[in-house]
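Just so you know, the sequences run in chain order X and C.
Taking the numbering used here, the leading residue of the first sequence gets 2, the next gets one more, and so forth.
Taking the numbering used here, the leading residue of the second sequence gets 2, the next gets one more, and so forth.
Careful: at least some of the hints might be erroneous.
Where chains are identical, the list cannot tell them apart; a pair therefore holds if satisfied intra-copy or between any two copies.
To be verified - Capping the alpha-carbon separation at 20 Å, the derived lysine to aspartate or glutamate pairs in EDC-like fashion look like this:
| id | residue 1 | residue 2 |
| --- | --- | --- |
| 1 | K101 | E332 |
| 2 | K101 | E308 |
| 3 | K101 | D122 |
| 4 | K101 | E318 |
| 5 | K49 | D109 |
| 6 | K49 | D179 |
| 7 | K101 | D90 |
| 8 | K101 | D120 |
| 9 | K49 | E327 |
| 10 | K49 | E307 |
Since the hints were derived computationally from the structure, they do not count as laboratory data.
Protein chains: 2
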Amino acid sequence: MTQSPRQAAPRAQAQRRREPSGVTLRHVAAAAGVSVATASRAFSRPEKVDPSTRARILRLADDLRYVPNRAAQALITGRTMALGLMVPDLTNPFFPGVIKGAQARARDRGLSLLIADTDEDPGAELALVGQLAQRTDAIVLCSSRMPDDDLDRAARLCPVVLVNREHPGVPAVTFDSDAGVREAAVHLRALGHRRVGYVGGPAHSFSDAARAACLHAEFPAHGLEVVLLGNHDPSFEGGRRAADVVLSSDVTAVMVHNDVMALGLIGRLLDYGLDIPRELSVIGWDDIEFAGMFTPGLTTVRMPREEAGRAAVAYLEAALGGRPSEPPRLETRLVFRQTTAREHQRRPG
Amino acid sequence: MTQSPRQAAPRAQAQRRREPSGVTLRHVAAAAGVSVATASRAFSRPEKVDPSTRARILRLADDLRYVPNRAAQALITGRTMALGLMVPDLTNPFFPGVIKGAQARARDRGLSLLIADTDEDPGAELALVGQLAQRTDAIVLCSSRMPDDDLDRAARLCPVVLVNREHPGVPAVTFDSDAGVREAAVHLRALGHRRVGYVGGPAHSFSDAARAACLHAEFPAHGLEVVLLGNHDPSFEGGRRAADVVLSSDVTAVMVHNDVMALGLIGRLLDYGLDIPRELSVIGWDDIEFAGMFTPGLTTVRMPREEAGRAAVAYLEAALGGRPSEPPRLETRLVFRQTTAREHQRRPG
DNA sequence: ACATCTTGTGCACACGATTGCATGCCAGGT
DNA sequence: ACCTGGCATGCAATCGTGTGCACAAGATGT
Chain X
2 MTQSPRQAAP
12 RAQAQRRREP
22 SGVTLRHVAA
32 AAGVSVATAS
42 RAFSRPEKVD
52 PSTRARILRL
62 ADDLRYVPNR
72 AAQALITGRT
82 MALGLMVPDL
92 TNPFFPGVIK
102 GAQARARDRG
112 LSLLIADTDE
122 DPGAELALVG
132 QLAQRTDAIV
142 LCSSRMPDDD
152 LDRAARLCPV
162 VLVNREHPGV
172 PAVTFDSDAG
182 VREAAVHLRA
192 LGHRRVGYVG
202 GPAHSFSDAA
212 RAACLHAEFP
222 AHGLEVVLLG
232 NHDPSFEGGR
242 RAADVVLSSD
252 VTAVMVHNDV
262 MALGLIGRLL
272 DYGLDIPREL
282 SVIGWDDIEF
292 AGMFTPGLTT
302 VRMPREEAGR
312 AAVAYLEAAL
322 GGRPSEPPRL
332 ETRLVFRQTT
342 AREHQRRPG
Chain C
2 MTQSPRQAAP
12 RAQAQRRREP
22 SGVTLRHVAA
32 AAGVSVATAS
42 RAFSRPEKVD
52 PSTRARILRL
62 ADDLRYVPNR
72 AAQALITGRT
82 MALGLMVPDL
92 TNPFFPGVIK
102 GAQARARDRG
112 LSLLIADTDE
122 DPGAELALVG
132 QLAQRTDAIV
142 LCSSRMPDDD
152 LDRAARLCPV
162 VLVNREHPGV
172 PAVTFDSDAG
182 VREAAVHLRA
192 LGHRRVGYVG
202 GPAHSFSDAA
212 RAACLHAEFP
222 AHGLEVVLLG
232 NHDPSFEGGR
242 RAADVVLSSD
252 VTAVMVHNDV
262 MALGLIGRLL
272 DYGLDIPREL
282 SVIGWDDIEF
292 AGMFTPGLTT
302 VRMPREEAGR
312 AAVAYLEAAL
322 GGRPSEPPRL
332 ETRLVFRQTT
342 AREHQRRPG
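Could you put the whole structure together from the sequences, leaning on the hints where they help?
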C-alpha cells in the first residue's frame, strides 16, 4: 500500500450555517459514479465529456436540484457574473428606464445587476464604485456627476462604461442630441419663433453642457436665437423656480434641461394663468413616460433610455469577453405633443 | 529539521485572470510579518488580536489597497451579504421608491442589492426568485403577483419578505389602508358625495382585493355607497380605458386603484371636456411624485414606499442575524390636493 | 506488431478568506 | 519552582468549483 502522508488529519467538519439546498457537485458526482472534475466539466466543458455520461450527470443534477455555488465559481474563476449600475436618483424616471433595459439584457445573459443610488451626491460616487467593484465584474455609470479625476480613478478600479456622459479614455454610451435638437429647431422655426430660451440643469452637469452646446450649434443655423436662462436644480421644484426667469425674458419658446423640470415650469406658469402653449411653447428633454400623460402633453426630445441600458451591458459583456467593441451613440428624436404652438406675443406678465 | 511531507508538490500557479487589485490577505500578512489567520482576525475578530499588531495590519492593508474578496468570504461563510429585490415593473414609480429605501438601508449595512424586474409576468417570478436565491441571502418580493403555491415554493427556496402582499406563513411589510381610506371617506362625505366608484386594478392582484375590501369596510360606515367599476390594467392606458365606465355610472366621485391609472382616467375625462373636480372627484392611491406635479394635483392615499423598502431590508437583516422580529404595518394617510371638490351633478355625458 | 494520436476520466491543487485547535509566552497564585 | 490560565498567534483544514496534467483505453496509421 502506497504511503499517503495526506489524509492523516481527522476531519473535524464543523457544523456551519449552510445554504438551504446543500447539494454540491460532489453529491452529483457521487450519484453519477464519476469524479467531481467530470461533473464540473459536464457543465462548463461539455465537449470534453462523453455524451452519455454527461447526460446522466445533468439528469442527476436536475433530480438532486443541484444549483452551482456562485461564490465558489466566482472565487476560482475571478468572475462574479454580476454588473453594477449606478444612478444619481432612482426617483427620476429617466433612470429606472435605463435600469430596466440593463436588467433585461443582463438577465438574458445570466448576469445579475447590482443597483446603487448616489442620492445626487457626486462626492459619494467614487466610494460607491469601490464598493460595487468588489462584487461585480464591471460597472455602468449612468449620468455620473463625478469630478473628472474621480472618474479616472474609478475607471482604473474596474471596467466601466458611462451612459450619458463622456470622458477621454472611458467608453461611453451617448445620446446624439443633434437629430432631436435639429427637429426642434425646424419645428419652432416653422411655428414662427425667433428667440428661444434654454432652461439649464445643474451647473457642472455634463449632459447640460452637451445640450446647451448642441443648441448653440443647431439653432442659429435655423434662424433661431438662443437665450440662456440660467442653471437650475434638475427637479420639479427647480423647474417651478425657473418660471420667473422665463417670464422676465422675452422668449416665446423654451427648451428645458429635462422633462421633470419642464413639467414644474409649466405647472408654475399655469398657476400664473399663462396659456400654454399659446403664450409660450415648451420643449422638454428625455421623454419620460409622464411627459405624455400630462395635459397638455409635453413636446420633448426622446432619449432611448432602455436601449441605452441594454447597450451599456452589451458593451461590458463584449469587453469582459475580450471582444473589443464600440459603445453606440444613440439617436434622439423630437416627440411632438401639445406644448408647442404658433408663436404669439404674450401679454406682459 | 522536522520533516515536512507537505510542500513537496511544486506549485504550477497557472496564470489566471485576476482581479485588477491582486492584493490579498496573504500580501498584507506578509507585509505585516504575521500569518494570514491573524490578518484575517484583525478584520473580523478585532478583540482577538493585539491592538498594536492590529493597527499595523490595518494600516498596511490600507497602504496596499487591500480589498477583501467577497466571493471567498461568501464561500467560507455561506453568506453573500447581498439581498435581492423583485418588482413587477420598474417603470411604475411606486417601485423605484421602494428600491430607493431598500438600497439606502442596505448600503448603510454594507449589503448589496440585486434588482429584478419581472415585466409584469407572474409566471416568470418563481424562476427569477430561483436565480436571485443563488446570489443572495434573502429576497424582498414587492407587490408580487405570484400564485399562492409559487409563493410557498419561493419561501422554501430562501428567506423572503413580502411587501404589499400577504400570505400565510410568509412575513410581510404591509400597508394599512384603513387610516387613509377612512380619511377619504370623511373627506368625500363632507363634500356631499354619496355614491363613490372604485376603479379596480388587475383582477387577481392582492393589493386590489385589499383596497376594495377596505373600501367596503370603511365607506358604508360613513354613509357612502361604493360602486365597483371593474378591473383594469394598472397603467395609464388602463385608467383611460376606465373613463367610459365611470361616465356611464352615476357616481360623483371615484377612488382609483393607483395614481397612474387615476392620471389616465383624469386625462381622458379632461379630453371629454369634463371639469375635474367640479363634475367628478378623483382620489388615487400611492402618492407617486407625479401626483403632486399634475394640474390639477391629485388627491391620493399615500403609501410610505421608501419606508417600506427600508423596513423590508431591516426585517431581513434581523432574520438573517437570528433576531426574530415582526415586519411593520405601515400607516397610510390621505394627501389632499385638487381633484376632490363639493359634489355637483354633472351634465349627462 | 508497434508507434502515435485521440478521447474520456481522475488526481490534486488552486482560488482567498475564516476558524477550531494547538502552542508558546507571560503573569499571577500557591 | 510549578501549575494554571489567559492572551496572541500560527497551523492547517475547509468552503465548492475549475482546470492542468497524467494516464488508460481504444482508434488509427504504417
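request  = Tell me, in ascending order, the numbers of any earlier hints that this structure violates.
outcome  = 5, 6, 9 and 10
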